[in-house]
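First to last, the protein sequences are chains A and B.
FYI, the numbering used here numbers position 114 of the first sequence as 114, with every residue one higher than the one before it.
FYI, the numbering used here numbers position 166 of the second sequence as 652, with every residue one higher than the one before it.
Keep in mind that the hints were calculated from the coordinates and are not lab data.
These figures come from a predicted structure and were not determined experimentally.
Hints may be right or wrong, so weigh each one.
The list that follows gives simulated cross-link-like pairs (lysine to aspartate or glutamate, EDC-like), each with its CA atoms no further than 16 Å apart [said to hold, decoys possible]:
no., chain 1, residue 1, chain 2, residue 2
1, A, 312, B, 612
2, B, 628, A, 241
3, A, 257, B, 623
4, A, 434, A, 479
5, A, 240, B, 752
6, A, 240, B, 629
7, A, 240, B, 615
8, A, 240, B, 612
9, A, 312, B, 615
10, A, 240, B, 622
11, B, 628, A, 199
12, A, 89, A, 54
13, A, 283, A, 346
14, B, 604, A, 400
Chain by chain, the residues:
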Amino acid sequence: MHSLTKDQSPWIPNGKEGVMSLLRPLLLDVVPTIQQTAALALGRLANYNGDLAEAVVKGDILPQLVYSLAEQNRFYKKAAAFVLRAVGKHSPQLAQAIVDCGALDTLVICLEDFDPGVKEAAAWALGYIARHNAELSQAVVDAGAVPLLVLCIQEPEIALKRIAASALSDISKHSPELAQTVVDVGAIAHLAQMILNPDSKLKRQVLSALSQIAKHSVDLAEMVVEAEIFPVVLTCLKDKDDYVKKNASTLIREIAKHTPELSQLIVNTGGVAAVTDCIGSCKGNIRLPGIMMLGYVAAHSENLAMAVIVSKAVPQLSVCLSEEPEDHIKAAAAWALGQIGRHTPEHARAVAVTNTLPVLLSLYMSTESSEDLQTKSKKAIKSILQKCTYLPALEPFLYDAPPNILKHVVGQFSKVLPHDSKARRLFVTSGGLKKVQEIKAGPGSLLQEYINSINSCYPEEIVRYYSPGYSDALLQRVDSYQPLAN
Amino acid sequence: MATLARLQARSTFLAHQYYFRNSAVDVFRKKEYDAAVKIQSWFRGCRIRAYLRYLHRVATVIQKCWRGYLGRQHYQLIVKLEFCTMKMNLYNAMAVRIQKRWRGYRIRKYCFNYFYLKEYLKAVSETNDAIREALEEFAEMKEREEKKADLEREEKKRDYQARKMHYLLSTKQIPGIYNSPFRKDPDPWELRLQKAKPLISQRPKVKQKRGVNISNRLACTSARSLPQSEILPPIDRKQCQGPFRDITEVLEQRYKPLEPTLWMAEPINELKMAREELRKQEWMRNINDNMFLPFSSYHKNKKYIPLMHSSSKYGPNSYGSQHFRDENPKKWICDKDFQTVLPSFDLFSKYGKLYSKAGQII
Numbered sequence: 001m002h003s004l005t006k007d008q009s010p011w012i013p014n015g016k017e018g019v020m021s022l023l024r025p026l027l028l029d030v031v032p033t034i035q036q037t038a039a040l041a042l043g044r045l046a047n048y049n050g051d052l053a054e055a056v057v058k059g060d061i062l063p064q065l066v067y068s069l070a071e072q073n074r075f076y077k078k079a080a081a082f083v084l085r086a087v088g089k090h091s092p093q094l095a096q097a098i099v100d101c102g103a104l105d106t107l108v109i110c111l112e113d114f115d116p117g118v119k120e121a122a123a124w125a126l127g128y129i130a131r132h133n134a135e136l137s138q139a140v141v142d143a144g145a146v147p148l149l150v151l152c153i154q155e156p157e158i159a160l161k162r163i164a165a166s167a168l169s170d171i172s173k174h175s176p177e178l179a180q181t182v183v184d185v186g187a188i189a190h191l192a193q194m195i196l197n198p199d200s201k202l203k204r205q206v207l208s209a210l211s212q213i214a215k216h217s218v219d220l221a222e223m224v225v226e227a228e229i230f231p232v233v234l235t236c237l238k239d240k241d242d243y244v245k246k247n248a249s250t251l252i253r254e255i256a257k258h259t260p261e262l263s264q265l266i267v268n269t270g271g272v273a274a275v276t277d278c279i280g281s282c283k284g285n286i287r288l289p290g291i292m293m294l295g296y297v298a299a300h301s302e303n304l305a306m307a308v309i310v311s312k313a314v315p316q317l318s319v320c321l322s323e324e325p326e327d328h329i330k331a332a333a334a335w336a337l338g339q340i341g342r343h344t345p346e347h348a349r350a351v352a353v354t355n356t357l358p359v360l361l362s363l364y365m366s367t368e369s370s371e372d373l374q375t376k377s378k379k380a381i382k383s384i385l386q387k388c389t390y391l392p393a394l395e396p397f398l399y400d401a402p403p404n405i406l407k408h409v410v411g412q413f414s415k416v417l418p419h420d421s422k423a424r425r426l427f428v429t430s431g432g433l434k435k436v437q438e439i440k441a442g443p444g445s446l447l448q449e450y451i452n453s454i455n456s457c458y459p460e461e462i463v464r465y466y467s468p469g470y471s472d473a474l475l476q477r478v479d480s481y482q483p484l485a486n
Numbered sequence: 487m488a489t490l491a492r493l494q495a496r497s498t499f500l501a502h503q504y505y506f507r508n509s510a511v512d513v514f515r516k517k518e519y520d521a522a523v524k525i526q527s528w529f530r531g532c533r534i535r536a537y538l539r540y541l542h543r544v545a546t547v548i549q550k551c552w553r554g555y556l557g558r559q560h561y562q563l564i565v566k567l568e569f570c571t572m573k574m575n576l577y578n579a580m581a582v583r584i585q586k587r588w589r590g591y592r593i594r595k596y597c598f599n600y601f602y603l604k605e606y607l608k609a610v611s612e613t614n615d616a617i618r619e620a621l622e623e624f625a626e627m628k629e630r631e632e633k634k635a636d637l638e639r640e641e642k643k644r645d646y647q648a649r650k651m652h653y654l655l656s657t658k659q660i661p662g663i664y665n666s667p668f669r670k671d672p673d674p675w676e677l678r679l680q681k682a683k684p685l686i687s688q689r690p691k692v693k694q695k696r697g698v699n700i701s702n703r704l705a706c707t708s709a710r711s712l713p714q715s716e717i718l719p720p721i722d723r724k725q726c727q728g729p730f731r732d733i734t735e736v737l738e739q740r741y742k743p744l745e746p747t748l749w750m751a752e753p754i755n756e757l758k759m760a761r762e763e764l765r766k767q768e769w770m771r772n773i774n775d776n777m778f779l780p781f782s783s784y785h786k787n788k789k790y791i792p793l794m795h796s797s798s799k800y801g802p803n804s805y806g807s808q809h810f811r812d813e814n815p816k817k818w819i820c821d822k823d824f825q826t827v828l829p830s831f832d833l834f835s836k837y838g839k840l841y842s843k844a845g846q847i848i
């Protein structure tokens, strides 16, 4: 009967009450194998569906499981921990139900067991419980799980290491205090050692754990950095596995965003180049943390932004901007470019030279872009334009831009043209002066002032020549001209 | 009296003359009076005018001096002011020069060093290139390793297959599948089959019964254990010859517990343990745990500071201070270090000093 139930369990999603009442007495059976199989069946049922998990909780099976967890052999412990994990993963309420029946203490006791399989199952269950919110995490920490998880990380079995790392990551992601608890047990040193492990799934979890720790505050980020992860983390950026790359760039982003000094450290170890290459080698959501990291580094100061430019990040970002299909990645790329270009004319020039400004403008104007993308590209354009003195990049803007951006463009021209004679000549020959004359501006507005200051750079005849309707005026004069009668 | 007469005669003449003269003079009196007045007034006027002129001149002189004095004062004031202004301008100009130099120096030295920035950016790009190269190498190395591992796995698989299919090898009489007579040279599989060792199907390992091992044998020395034999002796055994001692006595004798000598009864490391005991007692009694060093070695109680290279983050590296050989714990047979079990005995010190003269060269 027990093997029947076990085999059929993946296929019975309905009739749950019947199943529960069938399985419950089996849990109390004398034969240990039947108990184990019944627990396994329960676990599989609960794993499949949230409703079934609720039924498990309602059927009062959990206290029995918890009670017998303490006493039985390792197969039963594994199966029982599997049930707890399967129930706890669906929603915070179910996880809270597990905590309420006192399962945490028994799970922590299981963490001290000799068998690595039992430890793995217990750690997995704890990780899934702690994943939902901060209170549940706090409950897991209060049960004393964290030091044991750190001990589990040091075990030789790879699967156990993976699960323990992912449990630590889930615990520390909610709040700085929880992350501090994890750090106080000395987890960072062991996690940092495991970055060099060749197993890619382990690396994923370790990097995710470190980034969850580092994201909360400057002190935590500094502690992670002190564990000497640079430049070793940069090798993870070249890994074959995409998620390892993503988590590594997430870690670097979380460290870079806190202070200029941390960003400086990352730049000094060559992190920017590594991240740029990583962005170039992957697609889609994997790129997103790397793009944001570049934006954060450039945002801190102009020297760092210059360092980002020197690492050839700007062409890569403009490639991302043009070829990515998703709006949120484009928005991130636009924001990053804005942060790079907004500091000084040199920076703006470096961004403008790669021809990204027309792309940004088109994104801003297109109706298909999301609001977020539109606001970000508008801000980026504005901040770059206010410092841009590279006129060949500004000229296309005279033709396509909407009035609010046109104001800034014309303003920039009015700042640059009075001082540069070559630029003035170029402006005339490329038809820019003609376009400026055609712009209609309200009298006394800022735009009109800019137009006036541009016009004052040129002799009056030229201005009149290019003003609209000049050819008609000339023809009218021809018409009204009386040749002198000789 | 004569005179009086004369005078009386003359008196009318005199009177007439007096009257006539007075009236004649009267005519001219006004004129003369007017003329005299005129002359006098003119003369007074001249005098006054001269006096006025004199006064004017004098006043002019005074005013001239006074105005000159005032003017000079004013002029001096202007000159002073001008001088001050000139001085201040000079000072300002010099101060601007100093400030210009100082500000330039300060910005270049403390706030922003352009050349340092350029150097820094160059260093950053060099580091970037180095990192890019290193990462490329790393990726290449990984790929190579993977390829190698793949090839090895393939090789192993093929080898295993060849071992399984060993019976397809061609014999002298019959050419095998892979050695078709119509081919010029045999198929590579043929060569592989030749090289492969035939695979023996593994028999299930006989589960060895846990025989009597050492510990069990030693346990026999306790009075409680009896011989563990599964098979009872046959019942129809031939009677053994001779008077026999009582069986209980025999068994008692045979399974008497070991009564080791005093020397054997002590644990083998009793000296060491006795020393430990002594040390513990001393430690209990001691007030000061530090050994008193003689004054000559007073300078030797400095703590040894290990090299940074040999001490790591997670505690000092014992290599270099506690053990000097590279140890490979994986190769150790057991965890404990070798212990001296038997005390050393001097065998060869008695060589030639024994009583017997056998074997001595005469």
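Now for the hints, and whether the structure bears them out:
1. Restraint check: the Cα-Cα separation between residue 312/A and residue 612/B comes to about 12 Å, which is no more than 16 Å; the hinted pair holds.
2. For a cut-off of 16 Å, the pair hint linking residue 628/B to residue 241/A stands: about 12 Å separates their Cα positions.
3. At roughly 29 Å between alpha-carbon atoms, residue 257/A and residue 623/B are farther apart than 16 Å, so this suggested pair is violated.
4. Under the criterion of a C-alpha separation no larger than 16 Å, the hint pairing residue 434/A with residue 479/A is inconsistent with the structure, at around 25 Å.
5. For the hint pairing residue 240/A with residue 752/B, the CA-to-CA distance comes to about 65 Å; that exceeds 16 Å, so the pair is violated.
6. At most 16 Å may separate the alpha-carbon atoms for a hinted pair to count; residue 240/A and residue 629/B meet this at roughly 9 Å.
7. For the given pair, residue 240/A sits about 21 Å from residue 615/B by alpha-carbon distance, which is inconsistent with the 16 Å threshold.
8. Only pairs whose Cα atoms come within 16 Å are accepted, and residue 240/A paired with residue 612/B is rejected, the gap being roughly 26 Å.
9. Of the supplied pair hints, the one linking residue 312/A and residue 615/B holds, its CA atoms being roughly 11 Å apart against a limit of 16 Å.
10. Simply put, residue 240/A and residue 622/B have alpha-carbon atoms about 13 Å apart, close enough for the 16 Å limit, and the pair holds.
11. Between residue 628/B and residue 199/A the CA atoms are separated by roughly 13 Å; this keeps the pair inside 16 Å, and the hint holds.
12. Among the hinted pairs, residue 89/A with residue 54/A is consistent with the structure: their alpha-carbon atoms are about 11 Å apart, no more than 16 Å.
13. Under the criterion of a C-alpha separation no larger than 16 Å, the hint pairing residue 283/A with residue 346/A is inconsistent with the structure, at around 30 Å.
14. The hinted pair formed by residue 604/B and residue 400/A fails the criterion: a straight-line CA distance of about 37 Å is larger than 16 Å.
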